[in-house]
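Protein chains in written order, with numbering that gives the first Met the number 0: chain E, 0 to 192; chain F, 0 to 81.
These are computed hints drawn from the structure, not numbers from a lab.
Keep in mind it's a predicted model, so treat the numbers as computed, not measured.
Errors might be hidden in some of the hints.
Unchecked claim - Per the computed footprint, the stretches of chain E lying under chain F, defined by three or more beta-carbons under 8 Å from a beta-carbon of chain F, are: (1) 10-20; (2) 24-35; (3) 68-76; (4) 160-174; (5) 177-185.
As the list claims (entries may be wrong) - For each label pair, taking beta carbons as the anchor points, the in silico distance ranges come out as: (6) 57/E with 18/F: 56 to 62 Å; (7) 192/E with 71/F: 24 to 30 Å; (8) 105/E with 56/F: 32 to 38 Å; (9) 16/E with 23/F: 53 to 59 Å; (10) 23/F with 11/E: 46 to 52 Å; (11) 6/E with 71/F: 21 to 27 Å; (12) 14/E with 56/F: 57 to 63 Å; (13) 76/F with 165/E: 42 to 48 Å.
Said to hold, decoys possible - Here are the simulated lysine to aspartate or glutamate pairs, EDC-like style, with alpha carbons at most 16 Å apart: (14) 73/F with 14/E; (15) 86/E with 119/E; (16) 169/E with 17/F; (17) 47/F with 117/E; (18) 86/E with 42/E.
Even glycine gets a Cβ: it sits at the ideal position worked out from N, Cα and C.
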Amino acid sequence: MSGGNTFLKRLQTGDPLAFAQLVEENQGQVYNLALRMLGDPQEAEDVLQETFLSAYKALPGFEGRSSLSTWLYRIASNASLMRLRRKQPDTISVDEPLTLDAGNSLPRQLVDWSNLPEEELLSSESRQAMDEAVSELPEPLRIVFILRDLQGLSTAETGEVLGLSEGAVKTRLHRARLWLRERLSTYFAERMR
Amino acid sequence: MSHETCRNLLSQLSDYIDGELEETLCAEIEQHMAGCPDCRAVVNTLEKTIELYRTTERAEVPIDVQSRLYKVLKLDSLDHSF
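Take these sequences, add in the hints, and give me the full structure.
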């Protein structure tokens with residue numbers, strides 16, 4: 000990310016080249032977050048456009064308390080969650096305390112598939128099973144897992160994006176990982192027979 | 000997997016895998032795993048799960064999606080050579 004106060008000043012005074020640079024450098028992260036969160040390329044494109052349109056309007060008021068990258072992640076996360084909520088109005092808000100049991104129960108799958116050959120683990124069918132597993136994660140766990148383990152943000156950055164404490168991020172990440180392990184174990188255990 | 004030690008281990012696994020657990024606790028986990036095949040399987044497969052996801056490739060933003068984005072943002076007439 001091009002940093003510094005000069006770049007921010009150029010953005011805030013409406014310099015189109017600076018804004019184009021912001022888009023160029025961050026469109027990949029925004030698109031991937033939305034695609035992984037929503038699982039639909041068309042919706043990911045809509046979130047991509049919404050994110051940068053919102054950012055453009057909000058830039059004059061941006062106070063620089065977080066990095067521009069974190070700020071864009073926040074806008075994109077909110078846009079993705081809003082879309083999911085419109086489709087499933089009963090889902091749980093990301094900042095509500097977690098009461099659901101997802102990923103919080105004892106492991107049931109105890110087959111050790113970790114030494115399966117790479118071609119089995121990395122096959123396109125396996126990748127599809129992995130994507131499906133993520134898409135079925137409850138939203139409050141999914142967004143944390145995507146930001147932390149797929150997009151590579153730190154625990155602190157993930158907390159900043161979602162307005163969660165580091166403890167809450169860690170708890171959700173742990174539950175997400177256990178949940179996904181369970182799902183992949185069911186899938187890969189079948190391949191060991 | 001029902002023993003109290005297994006339950007305790009399970010709650011600390013992410014910190015253990017992320018290298019964020021104290022050395023003494025890591026040693027306790029490793030000692031327990033040496034005699035508990037169930038926990039060993041959970042740790043190995045959890046590590047593998049995280050590794051598999053972390054190595055998934057990022058999708059490139061398709062060229063047509065980029066073009067429409069620049070058009071919506073009215074940046075399509077700019078030269079993007081930063």
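Task: Hints that the structure is at odds with (numbers, increasing) - done: Violated hints: 3, 6, 7, 12 and 15; rest satisfied.
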